[in-house]
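Visitor: All chains should be modelled from the sequences, with the hints used to inform the complete structure.
Protein chains: 2
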Amino acid sequence: MLIISNDDIESVLTLDVAFKALERAYLDQARGRAVNRPRSDLYLPGVHDGSIYAFKSMEGGLVESKVVALRLNSDVIRWEDRESRIIKQKVPAAPGKKWVGLIQLFSAETGEPLAIFPDGVVQRIRVAVTSALAAREMARKDASVLAVFGSGWQAGAHIPAFCAVRDIKKVNVFSPAKDNREKFAQQMEQLVGIPVVPVPSSEAAAKDADILVAATNAITPVISATWLRSGVHATCVKDCEFDGETLRRADRIVIHSRNFAPENYIAGCGDQKISAHDPVDFIRGNKSIAVDDASPFWIDSPELKDVIAGSVPGRTSPEEATCFINNIGLGIQFAAVGHAVYLQAKAKGLGKEIPTDWFLESVHP
Amino acid sequence: MLIISNDDIESVLTLDVAFKALERAYLDQARGRAVNRPRSDLYLPGVHDGSIYAFKSMEGGLVESKVVALRLNSDVIRWEDRESRIIKQKVPAAPGKKWVGLIQLFSAETGEPLAIFPDGVVQRIRVAVTSALAAREMARKDASVLAVFGSGWQAGAHIPAFCAVRDIKKVNVFSPAKDNREKFAQQMEQLVGIPVVPVPSSEAAAKDADILVAATNAITPVISATWLRSGVHATCVKDCEFDGETLRRADRIVIHSRNFAPENYIAGCGDQKISAHDPVDFIRGNKSIAVDDASPFWIDSPELKDVIAGSVPGRTSPEEATCFINNIGLGIQFAAVGHAVYLQAKAKGLGKEIPTDWFLESVHP
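Heads up: the protein sequence lines correspond to chains A and B, in order. For the first sequence, my numbering assigns the number 1 to the initial residue and increments by one for each residue that follows. For the second sequence, my numbering assigns the number 1 to the initial residue and increments by one for each residue that follows.
Among the clues, some could well be false.
No copy labels: a pair is met if it fits in one copy or bridges any two.
Heads up, simulated EDC-like pairs for lysine to aspartate or glutamate below, C-alpha to C-alpha not over 20 Å straight-line [unchecked claim]:
no.	residue 1	residue 2
1	K348	D300
2	K170	E245
3	K141	E319
4	K66	D49
5	K170	E182
These are computed hints drawn from the structure, not numbers from a lab.
Guide: In structure tokens form, the structure reads like this:
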């Protein structure tokens with residue numbers, strides 16, 4: 001079994017590899033050759049003061065590639081009220097101030113584990129490339145100005161991914177802290193070789209943009225409805241970055257998955273599941289708030305797989321305002337990108353081999 | 001991070017350790033200090049001819065112990081029609097003709113992985129000890145004759161576990177193959193030191209029994225309603241070993257969990273879940289059969305945790321006929337027994353340490 005590091009993954013996981021792997025996975029999904037076990041979040045309140053332990057997992061399987069991936073996160077989470085937004089922080093609580101997110105790849109031919117590796121690099125690129133695949137189908141062909149809200153690691157992956165699907169001439173960047181956005185813009189300009197302009201307000205970023213990219217860790221709206229002019233395409237890394245008004249104004253919405261919210265299992269709530277994106281009110285002690293969200297109105301929108309497979313159009317005129325809601329991760333993203341990483345690492349002799357036999361058994365399970 | 005083998009687990013996991021760990025977990029569950037993410041099964045038809053790949057997973061967390069366990073099985077499954085019963089077989093398809101079942105333990109304090117180990121030994125003992133805990137609360141105090149249906153690895157764990165909770169004087173064993181039941185009876189007699197008698201029919205096994213134990217891999221009924229006489233307690237390792245008539249005849253039913261069936265995700269069925277214990281008809285190609293089972297009539301019965309915590313009685317008179325339906329596994333069983341195994345292995349210096357840092361990351365996941 002191969003243990004692969006984030007550094008090794010970074011060295012083999014090009015945008016091109018990720019685009020090919022994800023496109024094929026959505027095509028497989030569209031024709032019933034892929035399957036997802038949707039994300040679930042298990043919460044243990046009471047272990048920490050002021051933060052909470054959460055174990056997140058999801059799975060995806062690909063028939064043609066004969067692999068299943070499990071992706072898990074073992075997190076200590078803190079919610080912070082900051083500048084009128086609620087920010088969700090993952091506390092690096094593991095030794096060396098590190099995080100714990102893992103992808104585990106299994107062979108569907110033999111059942112054996114093939115590889116384990118951290119999820120950070122894969123996670124980042126799969127979100128950005130998924131949104132860029134949607135933009136390839138949904139943005140105007142002549143879209144040339146990108147507005148990016150956020151200056152973190154997700155934002156940084158979106159800029160090159162979007163530049164790969166449209167001939168972007170300029171990127172506007174807004175994030176609340178001046179230093180962050182300026183440093184980020186400078187780094188990005190070096191990376192993509194076109195002007196990346198830090199701007200002092202989100203309105204200024206949106207003003208001349210053809211594509212709006214929300215890539216923040218806010219769990220409150222980021223994109224304003226007035227920015228979704230005719231011809232504009234907007235995208236997000238979580239549905240809460242859009243407000244209802246923006247989405248109602250869109251001529252066309254495509255979503256990542258109809259399984260709109262993770263299933264939350266919270267110690268103290270019995271074993272019942274609570275469907276909600278962030279059961280923050282409950283967990284913060286306001287137990288009277290019902291967190292069992294009704295399905296949002298957009299939940300019956302086409303899924304990305306339908307657009308990638310061509311069964312529904314991403315855009316039918318240059319005038320349409322379109323939104324892609326990258327509303328939740330899917331296990332097949334990790335199966336597809338994870339398998340590509342594994343094949344590349346094997347081919348290049350990267351990673352540490354440990355005996356597969358340690359993870360097998362002759363006792364009937 | 002500690003890698004522990006089944007041999008090491010066998011050397012530390014006594015019945016006593018398992019009883020204590022599981023009893024505490026059910027008490028924790030009863031008072032809201034434990035949580036389960038119910039079992040899901042992901043199926044990939046089309047990888048194998050005549051068998052199917054399945055990835056099964058569940059999770060459980062314990063607040064007091066500050067651990068979460070993930071238990072997964074990566075199986076190639078074959079259903080066989082045998083002697084009017086359908087038998088579910090796990091094919092040992094991994095290198096060396098082995099199976100793949102893993103328990104992974106995480107710290108809820110730091111998020112870090114603590115241990116990975118195969119699930120076979122833990123799996124076996126946790127099923128038997130769970131049913132024995134139920135029998136401790138539900139069987140007549142003077143129960144002395146045990147009838148065991150099955151001669152496999154589950155049956156073999158049940159006999160010592162039940163002997164630990166009642167003063168059993170004799171065990172009757174039936175399983176269809178004469179050689180198997182005779183060899184099994186001999187082994188068990190040596191193990192528990194009381195007469196273990198192989199009998200040629202299930203009726204003969206049930207005739208004078210106070211406790212009926214179905215521990216087979218049949219997915220069709222094993223226990224007949226006429227055997228559930230006044231005062232008898234019956235138990236199973238899967239609900240399908242009971243038929244409806246038997247359960248309707250019972251004066252009192254206790255179940256393991258109200259989450260009665262795993263959620264099945266099957267490639268080719270979209271991403272919708274199908275609640276069913278064994279979606280065998282669908283997977284075998286009879287796609288017109290609806291496998292989305294209605295909840296069974298017994299699903300509102302008290303759970304084991306309620307009986308262990310004393311909020312409902314297991315038996316109120318010597319005359320009652322009682323049934324415990326060990327209907328599905330729970331993640332907290334693996335958290336409780338797995339954590340006990342981990343602590344024992346650490347204390348005794350067992351297992352292989354590999355660097356925890358391989359499974360941590362400084363890239364934000």
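Visitor: Each hint should be assessed against the structure and marked as holding or not.
Guide: Hints and how they fare:
no.: 1; hint: K348 x D300; verdict: neither (43 Å within a copy, 56 Å between copies)
no.: 2; hint: K170 x E245; verdict: neither (27 Å within a copy, 72 Å between copies)
no.: 3; hint: K141 x E319; verdict: within (12 Å within a copy, 79 Å between copies)
no.: 4; hint: K66 x D49; verdict: between (43 Å within a copy, 13 Å between copies)
no.: 5; hint: K170 x E182; verdict: within (15 Å within a copy, 80 Å between copies)
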